[in-house]
Amino acid sequence: MDVVVVGGGLAGASTVGALREQGFDGRLTLIGGETLPPYERPPLSKEYLRGEVTEPHLVYPESWYAEQEVDLRLGIRARRLLARDRVVELEGGARVPFDAAVVATGSRPRRPPIPGLDLEGVFDLRIHGDADRIRAAAAGASRAVLVGMGFIGAEVAASFRHLGLDVTVVEPFSVPLERVLGPVLGGAIASLHRDHGVEMVFGDLAERFEGASRFEALVTRGGRRIEGDLAVLGVGVEPATELAGDELAVENGVVVDAALRTAVPGVFAIGDVARHDHPVFGPVRVEHFDKAIKQGEAVARNILGAEEPFADAMWFWSDQYDAQIQMTGYATEWDDTVVRGSIEERRFAAFLLQGGVLRSTVTMDWKSDARRSMPLIAAEARPERHLLADPGFDLRTLHPPKEGA
Amino acid sequence: MSEWVKVADAGDVAEGEINAYTVGNRTIAVANLDGDLQAFDDTCTHQGCSLSEGDLDGTIVECPCHGGRYDVMTGEVVGGPPPESVDVFDVVEEDGEIRIRTRDDE
Chain E
499 MDVVVVGGGL AGASTVGALR EQGFDGRLTL IGGETLPPYE RPPLSKEYLR GEVTEPHLVY
559 PESWYAEQEV DLRLGIRARR LLARDRVVEL EGGARVPFDA AVVATGSRPR RPPIPGLDLE
619 GVFDLRIHGD ADRIRAAAAG ASRAVLVGMG FIGAEVAASF RHLGLDVTVV EPFSVPLERV
679 LGPVLGGAIA SLHRDHGVEM VFGDLAERFE GASRFEALVT RGGRRIEGDL AVLGVGVEPA
739 TELAGDELAV ENGVVVDAAL RTAVPGVFAI GDVARHDHPV FGPVRVEHFD KAIKQGEAVA
799 RNILGAEEPF ADAMWFWSDQ YDAQIQMTGY ATEWDDTVVR GSIEERRFAA FLLQGGVLRS
859 TVTMDWKSDA RRSMPLIAAE ARPERHLLAD PGFDLRTLHP PKEGA
Chain R
5 MSEWVKVADA GDVAEGEINA YTVGNRTIAV ANLDGDLQAF DDTCTHQGCS LSEGDLDGTI
65 VECPCHGGRY DVMTGEVVGG PPPESVDVFD VVEEDGEIRI RTRDDE
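Chains as they are written, first to last, in my numbering: chain E, 499 to 903; chain R, 5 to 110.
Since the hints were derived computationally from the structure, they do not count as laboratory data. The beta carbon of each residue, even a glycine, is placed where N, CA and C say it ideally should be. Errors might be hidden in some of the hints.
[Stated by the list, open to error] Label pairs and their computed distance ranges (CB to CB):
| hint | chain 1 | residue 1 | chain 2 | residue 2 | range |
| --- | --- | --- | --- | --- | --- |
| 1 | E | His660 | R | Ala12 | 34 to 40 Å |
| 2 | E | Glu806 | R | Ser89 | 21 to 27 Å |
| 3 | R | Gly28 | E | Leu580 | 56 to 62 Å |
| 4 | E | Arg609 | R | Ala12 | 55 to 61 Å |
[Unchecked claim] Dumping the calculated EDC-like pairs for lysine to aspartate or glutamate here, alpha-carbon to alpha-carbon at most 20 Å:
| hint | chain 1 | residue 1 | chain 2 | residue 2 |
| --- | --- | --- | --- | --- |
| 5 | E | Lys900 | R | Asp61 |
| 6 | E | Lys900 | R | Glu21 |
| 7 | E | Lys865 | R | Glu21 |
| 8 | E | Lys544 | E | Asp820 |
| 9 | E | Lys900 | R | Asp38 |
| 10 | E | Lys900 | R | Glu19 |
| 11 | E | Lys900 | R | Asp75 |
| 12 | E | Lys865 | R | Asp61 |
| 13 | E | Lys865 | R | Glu57 |
Take these sequences, add in the hints, and give me the full structure.
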């Protein structure tokens, strides 16, 4: 059997690693558009941006791929996947045949049509080269302007403050991460950044980037003019679905079923690019690190015949200053929030419930309870409010018994 | 030379829990799996977080920071981002003490 994995990010690397780990000994090809072997992106907005680490954090050392007989093709993009011919066509026309293919092409930063976006000194952050360019620009800078205060914007703000830059963020909602966290929890993120001296402009939008030859100022819809030495755009990502062509269904990502399968037999999609029909949450496209690894592990099992649904509750973290935020589950709406700890003191676990069912848990400097919520969320548990509110109550005692246990 | 070192009093690690102890220049985690003790290096090989702050699931410990998973019986990585296994150590509970055997190479 020939397996082709398209996409040289964490999900693709996890897939090839898991296939070999699970004993797959057929031909295995990994195609990556970047020139670096697969690496971890989380440090790019944090340790790497701050200059605390200087090397890419590779998922596997480059020599691993040869040792494991993985044909690693870097710096080349797959142009399209031809389902009927069962080949992936690369830039330049070369064709790689497959029995099973995994689309793990990831996502790219959204670039809304804001005038001046292409000025020198205006950046977005996705790949290693972006982080290098931002780091170089920040080295001689004193003022940074950020557009958008999602997780990337918030982490970049924290890193820039650490480097001593003045930071102003423009964010259309009333708090950071309002759509994800709601106004109360988002308010805790705002207070964290306020305490660290970040200037936050809420309820306003980027109108244009101005500068004679390079970025000088951001002008907002509300008429503010915010001067700076560099600007970073962090307004979310969009799935990189070009490969799908007309052969695979695309709807906010490559559409896959619960077991990560497209409608074309033997063709799967995972990671940021996949719009996955999650058994608990329904169709979702999420962009988490841990999920990329676990979907790689799961798709490897499914290529080898397991046909398991991917039902992980999904989990991620965000480090900002010395605060650690964790989140698990998925909720676009909730009708009840139970807190253990204190939002005001920014040490808490917040449980988001809809109709009594635990859908998502958000923690701030509260280490275990996000991960301990995962089996409860996956089981659509209805924990009692007073138990959730009690910091002394161990959520693990509510975990459903394991299958086979 | 390897030698047995007392790290705690017997009974110090509750069932299903993990404690961490400093032994020489490293931190060693001791897990209590239904009464059996297992000792392993506390430092996750991914980004250095303390595994004793993670949770046990059977013989698997999950790193609280980024979700790396190790089998505490062998120290091997069974999932997630860690690039390498962690060392495991001999551990006994006797004469009212929990003792760990340090390695020859330390």
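Which hints from the list above does the structure break, by number from lowest to highest?
none
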